[in-house]
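Participant: Single-letter residue listing:
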Amino acid sequence: MLAGVLVVAQAVLIGETLGRAVHDGARLGELGPRVAWLAAVVAARAVVSWCQERYAVRAAASTVAELREALVIRATALGPRWRGSARGTRLTTLATTGLDALEPYFVRYVPQLLLTAVVTPLLVVVVLGLDWVSGLVVIVTLPLVPLFMVLVGRLTQGVAERRLASLQRLGAQLLDLVAGLPTLRAFGRAEGPRERVRALGDANRRATMGTLRIAFLSGMVLELLTTLSVAIVAVGIGLRLVDGRMDLVTGLTVLVLAPEVYLPLRQVGAQFHASTDGIAAASAAFEVLEEPLPEHGAATVDLARARLVLDDVGVAAPGRAVLAPAHISLALGPGEAVALVGPNGAGKSTAVQVVLGLVRPTRGRAVVVPTGDRDAEPVDVGALDPEAFWAQVAWVPQRPDLGAGTVREAVLGASPSADDDARLAEAARLAALDEVVASLPGGWDTRVGRGGLGLSVGQRQRVALAAALVSRRPVVVLDEPTAHLDDASEEAVVRTVRALRDEGRTVLVVAHRPALVAACDRTVEVRSALLPQAADAPAGVPA
Amino acid sequence: MSRPGRSRDPLRRAVPLLEVPWRRVVGAVTLGTLALGCAVGLAAVAAWLIARASQQPPVLVLSVATVTVRAFGVGRGTLRYVERLVSHDVALRGVVSLRTTLYARLAAGRPEAVAALREGDLLARTGADADAVGDVVVRAFVPVGVAACVSLVAVAIVGALLPEAGLALLLLLLVVGVGAPWLADRAARETERRSLQARADMTAATLDVLGDDGALAVSGALGSRLDDLRRSDRELTAATDVGARTSATSEAIQTAATGLAVVVALLLGVPAVASGRLSPEDLAVVVLTPLAAFEGVGALPAAAVQLRRSRAAAARIMALLDGAAPDPAAPQPVAVTPAAPGAPVLVARALACGWPSRPDPAVTGLDLELHEGRSLAVVGPSGVGKTTLLLTLAGLLAPAGGRLERHAEASWTAEDAHLFDTTVLENLRVARGDVTEDEALEALAAVGLGPWQAALPDGLDTVVGPGGDAVSGGERRRLLIARALVSRAPVLVLDEPAEHLDPAGADALVRMVLGLTARGRTVVLATHHRGALDAADAVLTLQGVAVAAH
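Going down the list, the protein sequences come from chains P and S. Take 1 as the starting number for the first sequence in the UniProt record's numbering and just add one per residue. Take 1 as the starting number for the second sequence in the UniProt record's numbering and just add one per residue.
So that you can see chain S by itself, here it is in the shape it has in the complex (with noise of 0.2 angstroms):
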């Protein structure tokens, strides 16, 4: 599989995900053109009928015109609704698409990419950034095409009556359809740009200030703080200001080229009546086509301003994907090998972990022998590389250096693992399908929820996560660990199984889940309290890059 370039626009990279059915999009845009036409159908018929009828032919003559425009007045709404739903429903397929390629991707890529993902990130790029790719085709794609062919039907009409009058409103058409989406993509890109730092500064300073407990109220920083964020506030306004005098240009273009095609018409049209070119009826309608053949074009900054944004959410998405894309040429995750009776299930001589995108490993030169049914504890300030070494002894990310032996499965429990919004025994069966209530419960005991457990009012067909009822701290954390018990895996690892617990809390999990070695698992956990550390059968302090193990 090549990888494509990276230079490459995210945008054009990240549509051909939304598989959209493109004879839909061509559909969206005919019937938008048709909505769009009647509004300039009937301004032209409209002109012409009057024009007619001041010169008082018999009525019959002007009955076509007359049904012909109460068709365009019925047309144009019934049509425009139809399109709009045509448009959003591409567009929402597309969405799921997207979103289903964007699972898929991640399911089949680089462990390590996956298990480091944060949950916000991912709902982020899956929910909101995906509906904002998605968009492109509503407010882009079809506006485009829309005023592209409408713009096309009111030139012909002109150039029919007077081919000079109708190239003076192509060349107006294409100033407002190419300058004005121009110069709102600058308003949008200059007032980013100018008012990025003046944002992040002024929620900052509102975070601040709002999540205070009282400690900026007592010091009297409080006013200092009040200072950064109307000092923010002003730069975001000058920036919207500076962006707003361009945006403004672009809208102030529209309605300028508008007069301005019926000043031209009139200038050309009105001689070319006088040498009998025209007649007098087709000025009329030369004259005020162009009063309603700008309104396809009209929409177009928006659409300017929508693939900007389209772009940015599209950037962030294959960002995600490349981060996860399989590359057979780096280094693989160590596999399980079988080993001898009696030998240790995790061997490490001279290992170095680290990410392949940053130069330099977290941890080197490790040496560590771990048999079945012992517990490693790993200790250590943050950022000192903990996670990098959990996941590569889980075998989710490749060793940068050194041997690694591994000759058990294991799973991998993350510091922000996901509680579904599900039962707890299906929760419970996300490590192993075929999970049995007996053994829920029994998981469930030796994690220390037995009790818990008990005075649900389901029992473990109680509804527990986000959609459910609310589990404490201390009890999402012993669910997810007996989760991770009733997985196959012999070896559990564990990123962090007691962070945001009080200390005496932290200390009982701790030491629970260290104790679970007498149920024959072998347990590897990076943890930063220190309490119940003597439960552990080795420790391994990280301390930058040296290591030191007692």
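Bound-form chain P, shown alone (with noise of 0.2 angstroms):
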């Protein structure tokens, strides 16, 4: 608004100085006070431009940052095969880039559409006071830019997307051709595409020559408006001046104020690209906001004398009509280790992640069964509490990830008690950890993970394993690694697994060697199956 007050008052100034100088002859000694104000309405108009700037971007920075945030802690709260989902695989690419296209958004076009409302009404009304046969025409143009634009977007919609259908298409061969560069050359045949890539990057310039010859008509008619309808005002003043109907200084202030009317209308336009962009990164965060999140319940089971149950378990695979894993049934409690096996692809993390209520079976069943008290029902997973739950699992990923800290902090956890140096030790002799930290710097206190030292997968792992011995959390989850595993470590893998068994944890493994399968009690094989009916599975996949 204040924008809006300074440039007619800089339109006024300019229009009553440069009118009596040119009309009356006056002096720089009786303008002077005017010329003063104008160079005070100047300096203003700069500080509040440069304030719109400053705390646009400001703004805009912080919005991205919450937007993120938001939609991270939802895609958390959505489950792992939700963020598995070609949805969560889009939301990796919008919240690490895709956001930023909301910076220009909020930094260029959100501003200009306010001004847009705010200062355009007011200088419409400012130059319709001044001269209404000006003000006609601005009202008359002004509805005229967005109206044309609309109508040239409608006509060229159809032929904009068949030709970006077949750019898209060009571009890809193109970028076929290229990525297979190093394979062509192989095979020393790369010499010949030469010719091709040449001919399919014109085929493109065509192409893309031909979507911006329509995409840029939309400018030129803003253009064209805008500017012919300056000229329409001028030439009106001038006749109007000519006939003595209209003094100087108001014709001077109109003529001024007139290319001001449009400039925010022209800006909205010439942003319209970055708003289209913003506009579609914002609606794509606001529908991850507004999935629905799957319903935890609020009971609480001490694992530590439980069993955990899968009944007939089938997970609908996401995309395809595959149930993975499919009539899965196990049972596992304290003292017993199980060893999922199974070919890539079966299921066999899924099964672990039904297991621990992080996916909802699509057929069957997931409980947890208390053993110490002999009328206990069985819990579904689902109404578990899941913070609770979770406190009495230790997992031990294929590629563990450390948080900043030492050795020690990440074996023992963030709150180690008395008796913890005998367990640190033994711990670490079975992970085959102890070698590792003799070989560290600074031994147990070495800084690792972030900012810290960098430790090798197989490394981690063995933290992660020690870790895992330690806590005395009931139930442990190895997965075991499917690459760059050595005979040492798949040792202290088998090691570890004997030790949290003969401890009286429930162990449940993921494993691919023949030698870790051998350590567990019992072997479940996981397959995946067809489904066999579409009608037979629900129509989505819970999270």
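Treat the hints with care, as some may be off.
[What the hints assert, rightly or not] What follows is a set of in silico ranges between Cβ atoms, one per label pair, in the way DEER data are often shown: (1) P:27 / S:22: 49 to 57 angstroms; (2) P:59 / S:220: 31 to 39 angstroms; (3) P:272 / S:193: 26 to 34 angstroms; (4) S:193 / P:5: 32 to 40 angstroms; (5) S:511 / P:365: 53 to 61 angstroms; (6) P:169 / S:59: 42 to 50 angstroms; (7) S:472 / P:371: 38 to 46 angstroms; (8) S:193 / P:59: 16 to 24 angstroms; (9) S:174 / P:143: 51 to 59 angstroms; (10) S:238 / P:70: 36 to 44 angstroms.
[Stated by the list, open to error] Here's a subset of chain P near chain S, in silico, CB distances under 8 angstroms, partners left out: (11) 9; (12) 10; (13) 21; (14) 33; (15) 37; (16) 39; (17) 46; (18) 57; (19) 61; (20) 69; (21) 80; (22) 187; (23) 189; (24) 190; (25) 197; (26) 255.
[Said to hold, decoys possible] These stretches of chain P come out as covered by chain S in the derived footprint (C-beta under 8 angstroms, 3 or more residues): (27) 174 to 181; (28) 211 to 221; (29) 497 to 505.
Source of the hints: derived by calculation from the structure; they are not laboratory data. For every residue, glycine included, the Cβ atom is placed at its ideal position computed from N, Cα and C.
Take the two lone chains and join them into the complex the hints point to.
Facilitator: Okay, here's the thing in structure tokens:
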């Protein structure tokens, strides 16, 4: 609003000063105060524009940060299955780079849109008050700008979409050829496609120019209408001045104001692309934020005296007519180690996620059965309070991720207790972490993880194994690495699984190697199966 | 061929590769100048028209001015439209040239540099980076040219009427045209420098949380990860804020200078009218023209930021080209030489393998003899130099020391070898152009893809690859091996043919590849799957620099 008032003030001051100088031949001495006021208004406009830019950028950056945090938190609540889906994968791009499209949107587009909404009516009213004929011209032409832009957009939309599709096809072909260069080179056939790269590039260029010829049309309409309107206003003022129906001060003021009336609208048009990207990013973000969350119960069970049971569980794989796993049943309790085996993609990891309540089964049941009390009913995993449930579970993933801290902290967790030193030494021996620690410059107090020394995947695995041993969590889930595991590491994994079981813990292992399978009490074969009929399965995949 | 010095500005080195037709650029600048000139002309003529009209002369005196004003009103939009088309065409042509040159130089460049290229890097360089270098024409060269020309036009109009006002306008245009872009560039640099680490941290934390399969949530580490995200986002916001202060100053300078130009024109013009040096209607021109004159230089801050972006992209492209540029002084890979019948096809004596860019060879002191129709498996932990050794044996990388004899052509199949977006048959013909359908079927059967091929909707004419039917990891691997099989090279060199397969599938695949010796092929493969090694005639274990063979 202030910006609008300043624009009017500047125009009025220029008009008055110039009008008096031109018409009345006023001297600088008489005009001095007006020129000084003009200088003050110019300074004020500069300050306002500084503030606008500065605070728009700041507001945009914090909005992006807030939105990112909200998205990430929502995604954690939606569960790993959702995150692994196509929407989840898109969210990764959106949260890391896609939200950046909001910055130009907030910094350039939204302020201009606000200016258009606030300043343009103000300026129109002022022009109307000064000279109603010019005001009328402005009122008639202003709505034409969006109208024609929409019309041009409508007319060209079909053509633009067809061209865009062919453009993407050409682009994909070109990139396919380029991406295959090392392969072609390996067969000594890289020289041939060179001309094809040029030909595809040229075809791509022609297609792009085709879309641009149409895309730039709306820009042309915008500039044509706004500039022509200013010209019409100027000529109109000139003709009325000749007839003496208007005084020069008013004429000059309206002339200075006329381009300013159209300026916000022109800027909005120029930033239109920023807006479409920004709106796309924002609506994608809000779509995620409106995803319904899976419900959780509040029941608690002591897992040290409970069995984990899967009863004929099947999980529909996202986007495929496949159950992975299909018809899996397992039961394991304290003092037992069970190995899940099966080929890639059979659903071993998913089965673990179902046991832990991270993924809901499409069919069958996942329950926890308390063993201490004979009358205790099985509790559905979905009815458990996840925080209390997971606090009793230690998970050794394939690629463990250490937070910042020392090795000791990574193994002991946040709150070490009195008898930990003995446990620590024993756990380190079993997990073969002792040799890793011996090789570290600061021993147990070496800082690792982020901001510290980088440990290899195998070394991190040993840290995680030792941490599982030291922790008193009654359930341990271990995902054996498929790659880069040497014989010494394999032995450490086997020793750890045996020790955990002998301590009376419940151990669930995703196993790949015979040695580890042999160390477990039982083996459960995980298989996938084609979904018999889509009608059997519920419509969506529960998260 | 002399190599250009590395210290030179990468953008200056990359722009000639665009093969820009400068006459078209001049055309675009002319059109852009005319378009913006229309805006300046409109302001100047309209000011004169109104000032003159207020003196109530005969209407005829004004007729030329009224027509001119309307013409300028129409001219701006249309000329700008044509200018945008011309400049984008130049830029797009430039990108085509750059991409073709990139392709040609990589196709003829050092083989080991190309063999080691990751598909993602290659796509980023030839895709987004080439586009960013091309953008320099549309978003930097043309705007700078237009700004300079339009500013001169405005200065000429004002200067012709009142020289000291023209000079003042020139000075203010220079302040905005140089100062504002300089500040914008500084802001971009500052933000970039400060936010680099924060952005990497933010991305890492986001990927960690979103990529979590439940382990973070279960272990309770999610909270600390979210704290990391918040912290890095706060740093990112702070970095942006620092840059915003500078870029806001760049904006404010433009607003201030435009107003100041009017004030100065009034201060200079009013006394000039009083002393009779300037007619009253020309005073209106001198005062009001500056209002339109700053639009050209207003585009320069964005041009400065684009230059920075294009330069960064150019640096990445030139680094790729420099890495692949043929270097006659460097040792050359070993060529194939004829051998006596019955002699081994590969002989290595005290062979050392390594990258020219790294000081120490990855493998040293290797002795090896491989006869035709035999297989060799190279095993060892990742990073030990398996790929380096294979590239050397395949004749793609020069030995770092020792002696290597190659007596048969070898085909190289990288771990991430490319499956083209075309039919199965055409993908096989990449290795040899005249592969017949029967040969293709035979090769597919040899790699265990017979049933798979039979089940394909269009058989050999089924499109596979990114745009076609999905193939599973195992099928893809087998298809790549079938392709190596149809090539004429008697020696097949394969890097990690079973990567990303489950152990059972990997064993079966490695066993199949090693079994290709039964077809008279010599096989060299690297793997870290030990399950199927009993099928290899020889196993070479790499452990650090020490080599143990058995």
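Participant: It remains to establish, for every hint, whether it holds in the given structure.
Facilitator: Checked hints:
1. P:27 / S:22: 49 to 57 angstroms: holds, 52 angstroms
2. P:59 / S:220: 31 to 39 angstroms: holds, 34 angstroms
3. P:272 / S:193: 26 to 34 angstroms: holds, 32 angstroms
4. S:193 / P:5: 32 to 40 angstroms: Check passed, 39 angstroms falls within 32 to 40 angstroms.
5. S:511 / P:365: 53 to 61 angstroms: With a Cβ separation near 41 angstroms, residue 511 of chain S and residue 365 of chain P fall outside 53 to 61 angstroms, so the hint is violated.
6. P:169 / S:59: 42 to 50 angstroms: With Cβ atoms ~60 angstroms apart, the hint is violated.
7. S:472 / P:371: 38 to 46 angstroms: holds, 42 angstroms
8. S:193 / P:59: 16 to 24 angstroms: holds, 23 angstroms
9. S:174 / P:143: 51 to 59 angstroms: Distance hint for residue 174 of chain S, residue 143 of chain P is violated at roughly 40 angstroms.
10. S:238 / P:70: 36 to 44 angstroms: violated, 20 angstroms
11. 9: Hint on residue 9 of chain P: violated, closest Cβ of chain S at ~11 angstroms, above 8 angstroms.
12. 10: This hint holds: residue 10 of chain P lies near chain S, its Cβ roughly 7 angstroms from the closest one there, short of 8 angstroms.
13. 21: holds, 5 angstroms
14. 33: At about 12 angstroms, which exceeds the 8 angstroms cut-off, the nearest Cβ of chain S leaves the hint on residue 33 of chain P violated.
15. 37: For residue 37 of chain P, the interface hint is violated, since the closest Cβ of chain S sits about 10 angstroms away, which is over 8 angstroms.
16. 39: holds, 5 angstroms
17. 46: At about 4 angstroms, which falls below the 8 angstroms cut-off, the nearest Cβ of chain S leaves the hint on residue 46 of chain P intact, so it holds.
18. 57: This interface hint holds because 4 angstroms falls under the 8 angstroms limit.
19. 61: holds, 4 angstroms
20. 69: With Cβ-Cβ at 6 angstroms, under 8 angstroms, it holds.
21. 80: holds, 5 angstroms
22. 187: Status holds, d = 5 angstroms.
23. 189: holds, 7 angstroms
24. 190: holds, 4 angstroms
25. 197: holds, 5 angstroms
26. 255: holds, 6 angstroms
27. 174 to 181: With 8 residues closer than 8 angstroms to chain S, the region 174 to 181 of chain P meets the three-residue bar; holds.
28. 211 to 221: holds (count 7)
29. 497 to 505: violated (count 0)
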